[in-house]
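Asker: Sequence:
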Amino acid sequence: MLRNITHDLKTPLAVISSQIEMLNICEEQEKKDYYYQSAMEEIGKMNKMISSVLRLTTEERELIRKNARLTDVSELIGELCKSRRAYVESRELELIADIDPGLQISVVRDHVEHVFKNYLSNAVQNADRNTQIIVSLKQNRDAVRLSVENQGRQISDELGEKIWTEAFTTSPDGTENTGLGLFIVKEISLMEHTKCGYENTDTGVRFRFDFIDRSE
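Quick note: the sequence shown uses the numbering used here, first residue 243, plus one each step.
In case anyone wonders, no lab produced these hints; they're calculated from the structure.
All figures in this text were calculated on a predicted structure; none of them were measured in a lab.
Careful: at least some of the hints might be erroneous.
What the hints assert, rightly or not - Derived pair list, reagent style EDC-like, types lysine to aspartate or glutamate, alpha-carbon separation capped at 20 Å:
#	residue 1	residue 2
1	K380	D452
2	K324	D352
3	K380	E321
4	K428	E403
5	K437	D399
6	K380	E317
7	K359	E336
8	K380	D455
9	K404	E441
10	K273	E284
11	K359	D370
12	K359	D452
13	K324	E355
14	K359	E321
15	K273	E283
As the list claims (entries may be wrong) - Quick list of simulated restraints, FRET-style, between CB atoms:
#	residue 1	residue 2	range
16	T373	L265	48 to 56 Å
17	K324	D384	25 to 33 Å
18	E269	N442	55 to 63 Å
Think of the CB as a built atom: it goes at the ideal place given N, C-alpha and C, for glycine as much as any other residue.
Using the sequences and the accompanying hints, generate a full structural model.
Answerer: Shown next, in the form of C-alpha cells:
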C-alpha cells in the first residue's frame, strides 16, 4: 500500500513542480492564472488521497479494538433496513428485506453494521433506477450470511480483481465514495476469519458476507 501511495504521489508532485517553475518565469497574467489553478488542482488531489489514507488507518484501528458480543443480527439488520429505507427510496429504488428471524450469534456489532452499510451504498450507487435492492439474511451452514443484491450492470472479471483493493472506486470523480468501503469489508473478513464475495446474477450483482459465531 505504501508503495502504491508513493507512486501515486510522484505524478502530482512533478506537475506542481513544473507549474511553479512556469509561474516563476511566465510574464503573462492569463498563463500565470492557468499554472496556478493547475497546481492547486494537483494539491487538492494529493490532499484527498492523504485524507483517505488517514481515515482508513483510523477506521482499521477502531475495528480491531472491538469485542464480540451476543447479537440478534436479525433484529440489527432489520433496524438498519428500516433506517435506510427513505434513502433508498429517494434514489427511485425499492428496498426488499428477506430476513430470517431470531438469528443470534456472538459477533462484533460494528463489523455487521459496516459491512451492511457499505454493501447497501454500493448497491444503491450501481442499481438501475426503478428496480429493487434485496437484502437477505439467512442461516448458511455454520454461518449467518448477509447478502445485498441490486439490478444493474454486472461486474467484469477485470473489475472483480480490483474492487476489494484500497482506494478503488468506479465513481469518475470520487464524489460518490472514496473506494475504501469494500477494502475495509475485505479487511473485516480477514479479522473474522470468514468469507466475503460477490456473484453476477441474471439481472445484476449480489454481494455476500458470512458472519461466524465467535463465542467458541
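Asker: Confirm or reject each hint.
Answerer: Hint check:
1. K380 - D452: holds (10 Å)
2. K324 - D352: Judged against 20 Å, a Cα distance of about 17 Å means the pair holds.
3. K380 - E321: holds (16 Å)
4. K428 - E403: Holds. K428 to E403 sits at ~12 Å (cutoff 20 Å).
5. K437 - D399: Holds - the C-alpha atoms of D399 and K437 are around 19 Å apart, at most 20 Å.
6. K380 - E317: At roughly 13 Å apart (the allowed maximum being 20 Å), E317 and K380 satisfy the hint.
7. K359 - E336: Satisfied, since the Cα-Cα distance of roughly 16 Å is no more than 20 Å.
8. K380 - D455: holds (14 Å)
9. K404 - E441: Between K404 and E441 the Cα gap is close to 15 Å, so the pair holds against 20 Å.
10. K273 - E284: The hint holds at about 17 Å.
11. K359 - D370: holds (19 Å)
12. K359 - D452: The hint holds at about 15 Å.
13. K324 - E355: holds (13 Å)
14. K359 - E321: holds (12 Å)
15. K273 - E283: holds (15 Å)
16. T373 - L265: 48 to 56 Å: About 50 Å separates the Cβ atoms of T373 and L265, which means 48 to 56 Å holds.
17. K324 - D384: 25 to 33 Å: holds (28 Å)
18. E269 - N442: 55 to 63 Å: Once the Cβ atoms are compared, 58 Å apart, the range 55 to 63 Å for N442 and E269 holds.
The structure shown violates none of the earlier numbered hints.
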